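K.L.:
So you can see what is in the structure, the chains are spelled out below.
Protein chains: 2
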Amino acid sequence: MPQRILILGGGFAGMYAAREIRKRLGDSVEVELINDENYFVFQPLLPEVGAGSITALHAVSPLRFLLKGVFIRKARVHSVDQDRKVVTVFQGVQRRPTEVPYDHLIVTMGQRVDLTRTPGLTEHALTMKTLNDARRLRSHVLERLEHAEITQLPEVKKEALTFCVVGAGFSGVETVGEMKEMIDRSLKYYPNISADEVRVVLVEFADRVLGELPEKLGTYTAKKLQERGIEVMLNTGVASATGTRLITTTGEEIPTRTIVATIGNAPSKVVQDMDLPKSHGRIEVGRDLRVVGRDDIWSLGDCALIPMKEDATERADFAPPTAQFAVREARTLAKNIAAALAGKALKPFQYKSQGALASLGARRGVAQVWGMNFSGFFAWILWRAYYVSFLPGTGTKIRVLLNWLLDDLSPRSVVQASSYTPPAARYAHYRAGDRVFEKGNRADGLYTVISGQMELRYEDEDTGEVKVWNVGPGEHFGERLILGQDRRSGTVRALEDSKVLIVDREEFLKLAEGFPVLSDYFQTRMKEAYGIEWVPPANWAA
Amino acid sequence: MPQRILILGGGFAGMYAAREIRKRLGDSVEVELINDENYFVFQPLLPEVGAGSITALHAVSPLRFLLKGVFIRKARVHSVDQDRKVVTVFQGVQRRPTEVPYDHLIVTMGQRVDLTRTPGLTEHALTMKTLNDARRLRSHVLERLEHAEITQLPEVKKEALTFCVVGAGFSGVETVGEMKEMIDRSLKYYPNISADEVRVVLVEFADRVLGELPEKLGTYTAKKLQERGIEVMLNTGVASATGTRLITTTGEEIPTRTIVATIGNAPSKVVQDMDLPKSHGRIEVGRDLRVVGRDDIWSLGDCALIPMKEDATERADFAPPTAQFAVREARTLAKNIAAALAGKALKPFQYKSQGALASLGARRGVAQVWGMNFSGFFAWILWRAYYVSFLPGTGTKIRVLLNWLLDDLSPRSVVQASSYTPPAARYAHYRAGDRVFEKGNRADGLYTVISGQMELRYEDEDTGEVKVWNVGPGEHFGERLILGQDRRSGTVRALEDSKVLIVDREEFLKLAEGFPVLSDYFQTRMKEAYGIEWVPPANWAA
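Order-wise, the sequence lines are chains A and B.
Start counting at 1 in the first sequence, then tack on 1251, and there's your number in the working numbering.
Start counting at 1 in the second sequence, then tack on 1251, and there's your number in the working numbering.
Treat the hints with care, as some may be off.
Repeated chains share a single entry, so a pair holds when one copy, or any two copies, can fit it.
Cross-link-like lysine-lysine pairs, in silico, DSS-like; alpha carbons within 27 Å at most [stated by the list, open to error]:
(1) Lys1439 x Lys1648
(2) Lys1586 x Lys1274
(3) Lys1648 x Lys1560
(4) Lys1439 x Lys1319
(5) Lys1718 x Lys1336
(6) Lys1690 x Lys1336
(7) Lys1586 x Lys1336
(8) Lys1274 x Lys1439
Since the hints were derived computationally from the structure, they do not count as laboratory data.
Because the structure is a prediction, the values reported are computed rather than measured.
Take the sequences, apply the hints, and build the full model.
P.N.:
In structure tokens, the structure reads:
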């Protein structure tokens, strides 16, 4: 029986590990790769997808194209049983869990985004980790432009035209640069928006941008971004966020409806649950990429803590979580797996970075290659050339090049193709003093207070009498919506910093149909509070 | 003050109406168009998007590109006040309703899909009306292939590899043809699926396909589809649908997880609510396209019933709901608006169809042009040429041609880029005897019975004792999920045809946090039914 090599994750580390093992060991082993999606994402291109300079399909490639001879399983990993040497997965809509056995397990699950440390950020920020994130960002920015074009409220226009990116690493810098270029190029289609109404802000906690690059390039980058009208706020973190505000740690309040967070890495849930030695959430491996204390589990890529020398302690002693390193780690891994199967000695992972590059949008880049620094147009060309050379498959290379060319020559399309529907039940944060809604506003959901305190103000249309009362945790407002009312009859503002749960009308009616306890409760409440006999819509069940 | 012409809807009728009015009247009038999306959809290309032979962005074009000088408002129409001559819209996330005044109103709201007449179809069928529908179909088909590739259950594989399209009009025929081609071309990447395991079925209530075309072409089409392995079921309707079955009116039960419904047109809600003369849900207009009895409201496209001669009574006496006609109607409308503004006489709409074309996929088509019938490769080329000539803008024309060429020359990508997440609370239908879930299955939600009857079977692991009980409307099962249990501890099947509401765990926990009445109820229930003290997760509110 051939040995079964099972790879968890299909990012740079996992995909290249599968390729290298397959290349080195051929049919002498069975290689299987499990991934959530059936494609490999070329992560460095996501900011370009987010800005529409290439289409989403050109930043990804089907794993089945890239990995001939490797068994690809599109499934969600549930858990790993290290004693029985099986991984349990959930695949398709199928509910029956499937067990996948292994002889050697390679863990390359990367990192996930965790924004829970900052109040409101999870609920109100966009992220830039997946293909869908990038598409959603593009759609979100276009929605703000569409809205700014037609609104007659100056306050709303200001919020709609302010765009904040949090974190000035590679992802943040490229996202803010590409986003600004996209907005600049789109404005000609929005005659009611003038360029000086647009505000784009990059917020960074450290005292400089692109901490991974030499200071000189960081300074150049900040200068270039500023020249293009991007505000760069250094030494600034995010204290909290709401649907219309970003509050900085320096106390500034930025009115905005767009916050892109490129910060907050955390281990994936599977890695978190695995009984393996970990440090700061990353799996501890030896220099040979074998997990410390295990002889059948290996790890590489962003989820692994890989020492680059003996007695590694400093951050610089470990491999950085970049694509460049992941690809080299995969090569070492394949050699070591082969050695392990042959009973030979393993070799330590060794690699020296060849440099780093970043695109700033608008045909400008920064690069440090073989110890030399470049900036400007040439660095941007270098960046493109480097990444194209990196793209898996000639077909993809050609398509991305064609796409880039077309983008440079033709106007940027403002089609808002990926419509994002917010969840039917969603949390929102408000700061003390924020207006939640006003009389006459469209009724967008039934609100329930999770924490904090709200003030409701209702004026009787017949008598002119004004009633004011407060609602706190566990209490509701805006429930006339369920009577079919589509305008607000009162005004609500937050008395304290508050968190609410908003439930759509349709969703509420579904739940009222499914949970008699809920519809009974609201029937009573409607009668007591408003003297209204509410009858939940019947015969949905017909 | 220039007259304000307000157009509702940005499909073929609305977009071309705006273009023609602008061309004819220039700046002498103000033209505004209101549409849900900021783009125009080239509807005839949707089946190709659904099959990935062109990318989504190539089947759409930004309204702002196409309609220079027209004010574009991306917003949802809420209602029309004909006395005050204003349209109320909801725009952006903005909650304040906006009123848009008009002197002349042009209603081109098309039709929406309504599948409610067939039990289970709304819940379990995909549609082909919007860009998102097309993307979702492609993603859905790929998901089924991914699943069929890895499942070890023959029953599941069979369901996953059976694809049904309901309705054999243009949309149904093109969808089934393109879908079959996509599957055929993708199979080489799925080594565990053999071609003879794939079943593709076209279900049509009438006794022939493509009723709009001469019988000869319909016969040719059915023959060509059958030659390519597509089953064509004529004289067959859909009686009901579940997540794994399509039941035909002839009593056949097709095990399938893919039902695409191209049937069931209904008027949009706004048209439904408008106080205008209507017949079969379509707005009654005169031959001059003015709504009967109104002098400031006009209608054209699929939402209007347009007589092509005096005393029109038969279906053939009215303009068919096709793009070809909509474009010509727009021209007549512009002339008549100009005439009305100048106080001149209006002219009746007159047009004779130049023919009809359909693509069958795999480089085959059927066409009737200027009274001549064509079929096969030539008809397919005709189809392509015709539609490319139709595409708005030279840029789009070139991109679609390039895309088609690339598709013909390169392998079809199997990237499943649009991940579809089912709603957190969703209805599902089961037929009497259906298994809902089994012990050991993944727990995918809390179930509540809306109608029907379910049998629960639970075996105590310690004592071996088996308990069987029934649950009916308003009762729940699978609620151990909320305790964090991710596998089912019992087995459930439907005793009668039933409808249930399924609520995800995360969604349930949100609601339990928001509605104390719900968490109290389940705390009591958990205690009474299972003797378990359930404490809803706290500090989400922190």
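K.L.:
Confirm or reject each hint.
P.N.:
Hints versus structure:
1. Lys1439 x Lys1648: Answer is between: at 22 Å across copies they meet the 27 Å cutoff, but 31 Å inside does not.
2. Lys1586 x Lys1274: within (10 Å within a copy, 69 Å between copies)
3. Lys1648 x Lys1560: Neither: 36 Å inside a chain and 57 Å across chains, both beyond 27 Å.
4. Lys1439 x Lys1319: Between copies, since 11 Å is at most 27 Å while 46 Å is not.
5. Lys1718 x Lys1336: Intra 66 Å, inter 35 Å, cutoff 27 Å: neither.
6. Lys1690 x Lys1336: Between copies only: 23 Å across chains, 61 Å inside a chain, cut-off 27 Å.
7. Lys1586 x Lys1336: Within one copy only: 22 Å inside a chain, 76 Å across chains, cut-off 27 Å.
8. Lys1274 x Lys1439: Between. Shortest inter-copy distance 21 Å satisfies the 27 Å Cα cut-off; intra-copy 51 Å does not.
The structure does not agree with the numbered hints 3, 5 stated previously, though it agrees with the rest.
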